[in-house]
Amino acid sequence: MSEMWINMGPQHPMTHGLWNLRVRIDGERILDVDPEMGYLHRGIEKISEDRHYNEVITLMDRTCYVAGIAWEHLYVQAAEKALGIAPTERSDWIRMMSEEFQRLASHIMWYAAFVQDLGLMSPFLYGMRDRDLILDLFQSYTGGRLTYEYMRVGGVRNDVPEGFTHRAREVLDWLEPRFVEYDRLCMGSDIFRRRCDDLGVLKANDCVRLGVTGPMLRSAGSKRDLRKDRPYSRYSQVEFDVATADSADVTGRYLVRMEEMRQSVRILRQVLDWLDSHPGPVLADHLPRWLGAPYAPIGREAYLLKRNYPKGVGLSAIEEPHGEACAYVVNEGGEHPYRVKFRSPVFANLSAAHHYLVGYHVADIPPIMGSVDVCVGEVDR
Amino acid sequence: MNPEDVRTKLAAAGAPGIISIEPFEGVAARVKFDPTAATALFPIVRDALGFPHLSMVGGIDWVERYEVFYLVWSDPAKTYLLLSADLDAKAPHIETASACWPSANWHEREAWELVGIQFDHHPDLRHLLMPDGYQFHPLQRAFKLHEPEDLEVKVRHV
Amino acid sequence: MSTPGPAVASVAKPAAAVVGPGGELPIVSSDVSFVEIETLRSREFIPEAKEALSALVKEQAEGKLIRPVFNWAGRNSLFPLHWGLACCAIEFAAAFGARWDAERFGVVPRSSPRQCDLLIVNGTVTWKVAHKLIALYEQMPEPKWVIAMGNCATGGGPFRTAYSVVPGVDKLVPVDVYIAGCPPRPEALLDGILRLEALIRERGA
Ligand code: SF4
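Residue numbers (our numbering), protein chains in the order written: chain A, 1 to 381; chain B, 382 to 539; chain C, 540 to 744.
One chain only, chain A, in its complex shape (with noise of 0.2 Å):
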């Protein structure tokens, strides 16, 4: 009798968060798993409801820390068609240039996490240089670097300054040669393919039964993608390649996810040409005015009952960095969102930890884990 439980978290540098991975272990191999969440839950499809539209978009910076601005954009689709609201052109196309920036932006910081968890310290450096230059990006023009609160419903709060885009060309021109880089030291180390190579094997089949989206799916030979099965904003306008691998395991993620910075920054330039050469409105006219911030309350009550509120419900599905998120926003007149619920691909991508860590050792679970991306926040919310 040696098996038992042991606690992998809430504090443990595996975690990159707060859960705890309890594992049942024999000797060094793992029996069964069981993932123990909520430890981050903050309850914000709840405080939702007692926000104004616009208010939300403040939770949802926090909701995915790694990828604010990219759940920005899946609640302000769902809450545009749960009011009927449309978003200007040029607004459209700024918001898929946020989204691809923070894709870059999450996956070098998962390439600085991942691989320092694996015992390689110069990564880290050179991943977290390289994304504070995105995150100055950000800064430039949306004013944060974590948490933007950049979109609106309608729109973006305002344009991209003067002089961005070339700034941004001069970071992607940096970036390129970086992801050279980046392989060289890890797909060139030897020690770095056998820690990886044939870990954490999750088949595609697998994969659609248990829900596991993104680069997971993609690494096992998947070819979805919701920017190209389902445009949304303006990812029909673009040009780029679905990126996938077939070996299902640890190293094909990397690949994955390497090959998508790649195609981000392909995107990104063609989004930046067009930007440079249509200027326009970033805020959709008409807005009606209890969408912004709360007015004074003087005869609150009886202005209330005046307005007309339209009432729908909304869903909105994008590609986010760490795979498929959905959020479902229901308008039942008034000011506050009805209910909120959001699909956190990582929630899923976890949900499935049994049928990829079962049978590998426990000095396995850090790449395995780490390859998974998780960002706790959205998983809890």
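These are computed hints drawn from the structure, not numbers from a lab.
A virtual CB, placed ideally from N, CA and C, is assigned to each residue, including glycine.
Hints should not be assumed to be uniformly reliable.
As the list claims (entries may be wrong) - Result set (DSS-like, lysine-lysine): computed pairs, CA atoms no more than 25 Å apart in a straight line:
1. B:LYS459 / A:LYS81
2. B:LYS413 / B:LYS459
3. C:LYS671 / C:LYS710
4. B:LYS525 / A:LYS311
5. B:LYS413 / A:LYS311
6. B:LYS459 / B:LYS390
7. A:LYS81 / B:LYS413
8. A:LYS203 / A:LYS228
9. B:LYS390 / B:LYS413
10. B:LYS525 / B:LYS471
11. A:LYS203 / B:LYS459
12. B:LYS413 / B:LYS471
13. A:LYS203 / A:LYS223
14. C:LYS710 / B:LYS525
15. C:LYS683 / C:LYS710
16. C:LYS671 / C:LYS683
17. A:LYS228 / A:LYS81
18. A:LYS228 / B:LYS459
19. A:LYS223 / B:LYS459
20. A:LYS81 / A:LYS311
To be verified - Reference listing, derived: stretches of chain C covered by chain A, where coverage requires no fewer than 3 residues with Cβ under 8 Å from a Cβ of chain A:
21. 665-672
22. 690-702
23. 712-726
Guided by the hints, dock chains B and C with the ligand onto chain A, whose structure is given.
Just chains B and C with the ligand, lined up with the frame of chain A:
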């Protein structure tokens, strides 16, 4: 895929308990069904209609009733389908979908804990996000947010 | 020793050119790139060491404890617990990245609470994690300090009204330094750490 396709395919497969099939922006259709027919309907949607990927399960408290909705995705048709069922307000319960789509497991645990919908025959219906023994269902309309000054009240909650 | 003033002053420097392995690093906005630390440690480090050592010799002769040395060594090598709670943890990580490099202040995150003397609460504390946080705090050896990083740790932040969130970590453990911001920039975190050091110098370990 449009609502008509969904209707013909469901009829061809002999799907029970369909109440209505209506268009819905962004998905193929919204299918309202009778919760007692869930066990028979889910495999038909998965196999005959070809929706093997379950994206999410969510619950809504409409005060006079509960609603549970399922969002499913089809790879060949490249579209979503929304299934929804109205549940009784007194004792909302429905058959689990996790026998058909294993990914429903955690989504249903969450919907049970936050909205208070009971999923019959669920393999593992225990708390996911809140601590064990938490008595409340925060996403019900009757649950009000506290001011942080009510610290004592909150401590009693947990 | 001079009285501890504000430890960090941000000086807007012209965009500096940093030469990386692949050419020049494009610094995007000059105002955010670098911060000059007014009271740079190395200037004070040696005189303080001398002072502490002479006090040590004196106190040993009197048969007293070695407090000053302890204080000097402890505050110059604060080891925070490597623990990411929420969004602020990302900025916490950025502070240890290449641009801000918090390790130059002797701040090295450790993964075991037994090796730490500083708990940086970098995110939202929920009731579910509260007793785990207290357990970690109690495992840390004395003397120990707590920094509440960000609005959530300070007072609940945007999630103040949520049913599952502790409105401020000071309801659970004693806090020495609060850092405002949602999230605080890495400079603010460094400022908080330097303020904590000033506090330790003043109060004693
Ligand atoms: S203070 Fe803001 S950024 Fe920090 S954990 Fe709280 S919500 Fe996140």
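Hint-by-hint comparison with the structure:
no., hint, result
1, B:LYS459 / A:LYS81, "holds (20 Å)"
2, B:LYS413 / B:LYS459, "holds (21 Å)"
3, C:LYS671 / C:LYS710, "holds (14 Å)"
4, B:LYS525 / A:LYS311, "holds (23 Å)"
5, B:LYS413 / A:LYS311, "holds (19 Å)"
6, B:LYS459 / B:LYS390, "holds (16 Å)"
7, A:LYS81 / B:LYS413, "holds (21 Å)"
8, A:LYS203 / A:LYS228, "holds (22 Å)"
9, B:LYS390 / B:LYS413, "holds (15 Å)"
10, B:LYS525 / B:LYS471, "holds (19 Å)"
11, A:LYS203 / B:LYS459, "holds (20 Å)"
12, B:LYS413 / B:LYS471, "holds (20 Å)"
13, A:LYS203 / A:LYS223, "holds (13 Å)"
14, C:LYS710 / B:LYS525, "holds (22 Å)"
15, C:LYS683 / C:LYS710, "holds (17 Å)"
16, C:LYS671 / C:LYS683, "holds (17 Å)"
17, A:LYS228 / A:LYS81, "holds (21 Å)"
18, A:LYS228 / B:LYS459, "holds (10 Å)"
19, A:LYS223 / B:LYS459, "holds (11 Å)"
20, A:LYS81 / A:LYS311, "holds (10 Å)"
21, 665-672, "holds (count 4)"
22, 690-702, "holds (count 5)"
23, 712-726, "holds (count 3)"
Of the numbered hints stated above, none is contradicted by the structure.
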